[in-house]
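I would like the entire structure built from these sequences, with the hints used as guidance.
Line by line, the protein sequences give chains A and S.
Here the first sequence is numbered in UniProt numbering, starting from 1 and rising by one per residue.
Here the second sequence is numbered in UniProt numbering, starting from 1 and rising by one per residue.
Bear in mind the hints are in silico, worked out from the structure with no lab data behind them.
Treat the hints loosely; a few may be bogus.
Any copy, or any two copies together, can satisfy a pair, since identical chains are not distinguished.
[Unchecked claim] EDC-like, lysine to aspartate or glutamate: derived pairs with alpha carbons at most 16 Å apart: (1) K509 x D327; (2) K151 x D481; (3) K457 x E502.
Number of protein chains: 2
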Amino acid sequence: MNYQAPLQDMLFAMQELAGLSSVSALPGFEDYDLDTAQAVMQESAKFCAGVVAPLNVGGDKDPSSFKDGAVTTAPGFKEAYAQFTQGGWQGVIHPTEFGGQGFPKLIATPCIEMLHAASLSFALCPMLTDGAIEALLVAGSDELKRKFVGKLISGQWTGTMNLTEPQAGSDLAAVRSTAQPQADGSYKVFGTKIFITYGEHDMAENIIHLVLARVPGAPEGVKGISLFLVPKLMVGDDGALGARNDVACVSIEHKLGIKASPTAVLQFGDQGGAVGYVVGQENRGLEYMFIMMNAARFAVGMQGIAVADRAYQKAVRFAHDRAQSRDLAGSDGPVSIINHPDVKRMLLTMRAHVEGTRALAYVAAAASDAAHHAADELTRKNNQAVYEYLVPVVKGFATEMSVEMTSLGVQVHGGMGYIEETGAAQHFRDARILTIYEGTTAIQANDIVGRKTLRDKGAVAKALCAQIALTEQDLSARGNDDCMAMLNALKQGRLAMEDAVEFIVANGKSQPKTVYAGAVNYLKLVGVVLCGWQMARAMLVAQDKLESDPAFFVAKLITARFYAESVLTQATGLAQSICLGGNTTNRMAIELF
Amino acid sequence: MNYQAPLQDMLFAMQELAGLSSVSALPGFEDYDLDTAQAVMQESAKFCAGVVAPLNVGGDKDPSSFKDGAVTTAPGFKEAYAQFTQGGWQGVIHPTEFGGQGFPKLIATPCIEMLHAASLSFALCPMLTDGAIEALLVAGSDELKRKFVGKLISGQWTGTMNLTEPQAGSDLAAVRSTAQPQADGSYKVFGTKIFITYGEHDMAENIIHLVLARVPGAPEGVKGISLFLVPKLMVGDDGALGARNDVACVSIEHKLGIKASPTAVLQFGDQGGAVGYVVGQENRGLEYMFIMMNAARFAVGMQGIAVADRAYQKAVRFAHDRAQSRDLAGSDGPVSIINHPDVKRMLLTMRAHVEGTRALAYVAAAASDAAHHAADELTRKNNQAVYEYLVPVVKGFATEMSVEMTSLGVQVHGGMGYIEETGAAQHFRDARILTIYEGTTAIQANDIVGRKTLRDKGAVAKALCAQIALTEQDLSARGNDDCMAMLNALKQGRLAMEDAVEFIVANGKSQPKTVYAGAVNYLKLVGVVLCGWQMARAMLVAQDKLESDPAFFVAKLITARFYAESVLTQATGLAQSICLGGNTTNRMAIELF
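Shown next as structure tokens:
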């Protein structure tokens, strides 16, 4: 039940791996140094552990419910959300101009991680609001910004993203909702949207829906999609709330997990048309969505890391508490199961993946900060390219690993893990959505193959490999046993990644189906190698600082070596699958299944 | 919702890989030839698809419930169970002497697979009855056999296995239940047992509990455990049911899955002692349990294959039906998602694992038949050794893969997979117990490392590797592209397995913790390689018979090659983890987690 934010590991990754001091040195971030970071993270940890985390189990047992068009959220959620807004937590990363706190993404990210670890279901509401804010800041008119952004950043109102329709899941080209222009410049929006997270709820006084729809005469496919803002309650020029708009919640879904988070079916325009305002220009909706999506996908990756860490913490506690069987080396009676080699292996597997993906995600966050704030354009451009390469990895790899790690969390609990009262199963159920929403793993994989590797002929990927080779030199120079074990595994991983990149670049145009059949394995391979690289860098720091905090740095060193020997060793096999297996997949005619 | 037993693939594995004709040639099995096998499997398929499979979703939504000490099973279960007993299905594998049908395990196994695929929750009841029958046949007195075995084989009564107590899960040494001998030769049994599958229900008129307990003065630990038969209702000498025995169901568990299967807490002896009869001799209970356990563990492995196949069938149907996005090679509009490379990859991954584990399990079943029925002792002994080596692989590997494959089944469904109404999530939840009960994966892994590899210095493992090398020669002699791809992967896998065996044999005594930290990876490695071996043998047959049924054999050929390129390629990395990683796991002091 208890969750403690891993502040020490978070600060380690921020300072030693993601370069917090460099981020603090960026123009505009001078006020956000280590002290500020620590202060805000400590407050966030207190709020998440004290207010949000205790609601997580109850929210699963007694989830959000639907009656007569209204949603009642799980017990305590409304009150916790009120505290969340009072603390200013919605605004951490958003511009001071609209009442936010303007923190770098590198500092906001651990705060977001904690909130998700405390409760994925709760944190989804602010996450979707972040998306709406981002969309309006990117593309909204000054008028829309003035009326809506401040209230969203304060958390007084919440936001949603309305993409999916029954016939249009991953395929946004199939969106059929329509928007009719009105004489006053507004639109009337019609259509059915499904899977709308917090599409209806009772935690805030208004909900601002961002809705993809087509205007009359729009081109077919994704080039004819526009983005509209549709408030649940109309908003006057003075910001006062008015009448109910023509958007209704028809039902909410009965899901495998994240049950406290209401997933709504929304009906727009059954009473003559929902009043909407175009965001940016007509027919450019998809473009705006893609800008927001980098942020949203990164956030879902953080959900994966968060829930895996929470499951890890729970499993460690259970493994300490549960006595069962003698020690393999001999003991008088049963010992805590954490002494048994396979339990240790499972816990180290969870720990290594959490630390590796956290480090990579924080490195990505720092790249995003530099992409937006660096003084010179080249630095901004290079960092943007790295960030865009890493987003599908953080989203795809960290969420896939979260399903496996929460499953290990169940396994550590044995039979008790299968009983719902224990709580381990909830993390497993909750995590299972993460590889699906905000673009399935295949969508992330297609993104990293197509837009992020083929388009630049592997330039960013190869540049990352070149940096890994530098780390290999550092490991080699140390020459000690741990560094040599890491060097061996990291080099093997880097060479595998280079092989895969070469194969993709060489064959992506001529044999697209063969190459894309290996896309998910490529995404996993890159995740395995880049997280392994961070663990290698962590090992070097740990050796340097060993004496300053032996417990922390010895654990880091061992975890890094475990990652090398038990995770990086998967890289060569993944590369073989990518380079050899695609054509075989392709050969299988669909009638043969 | 629909399930069709994969009769053609089952018969393929039985005939071409497991040697059905050799099994039929064994003394006592002369009447059980291909025709008999086909006839019983067709009937079983009809019953499973028509009667049991339709109950699976309802059993999850409206599970077994508990009130005032009684359990009401899910809607339709009682009626289906009556049909099950009327069809004589409980007796398929059991001796004709007690009213069974005496089929070889090789023919009974596909029938059991179908029943589990139709409904894991339903099939658990007969599975536990099988265990009770086996225990009584192995160790029960003639008196106990006469009174109980016939009624269990007819299915009129059902059986349970009572091992677990709150403080004794995997650790049976900690069992505290007691049994006091009475003047009439019976015992009074006292204690609390948890996690008792079908420990109470309304489908049969009596329940025969097999209970582990200690007699006064018994040695400590596992050498002081005895096995008792405790009927729910007393049974007269004439077989008539009498008064209620002193065993009560206190509650049933609220579980992640297999919800229709009631998991009971049973209280023995609160009213003065439950009447029990010792099975075999005092203090030899664990030994009897181990004999039964091979059968029970094998059956749980079949559950994994079954639920993975059911999830596969569902995913294939969805992937054909769901249209989304254009074809990568160009199309006018959205195509069925089965055309998309990653969906194909997911489906092939599921298919390859199901076919590979099925083949290995059937090979193991045939070994069990030869172990019991071969004319000469050496053949029996060798087959018994192979069977005992394979049981933890079938149990451990097929169940671990079932969790991954049912997860892929959810993924193929995208967002719909996360909605409970779709049904994909149920398979995922149901499968999650399989790596836990009847011995967790770690228990299976410790078994294959300790009893099955270290004890004979790797003799059985090496003999299997030598057989694989013969298959490599066959592949090499063919020389065609598919065979060479398979050869390359199989050889890599076999060498990896040999490396691991050598490492384990060399270090098992001197560094047990280091070796056992790699136990689960060794189990996975052996599973990957031995299933790959079966797929290699299948490829050779498929090439020979290609023209007799092009659709089936082309699919088999492609699936085998996919297994080579996408699954066997994991072997080297697993061997590296086993040989390199154990010491690192060992270094991590428990306080550092």
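Using 16 Å as the alpha carbon limit, work out where K151 and D481 are close: within a copy, between copies, both or neither. For K151 and D481, neither the intra-copy (56 Å) nor the inter-copy (64 Å) Cα distance is at most 16 Å.
Go through the copies and call it for K509 and D327: within, between, both or neither, with a Cα cutoff of 16 Å. Between copies only: 15 Å across chains, 57 Å inside a chain, cut-off 16 Å.
Please sort K457 with E502 into within, between, both or neither, judging by C-alpha distance up to 16 Å. within (9 Å within a copy, 44 Å between copies)
The structure shown violates just one earlier hint, number 2.
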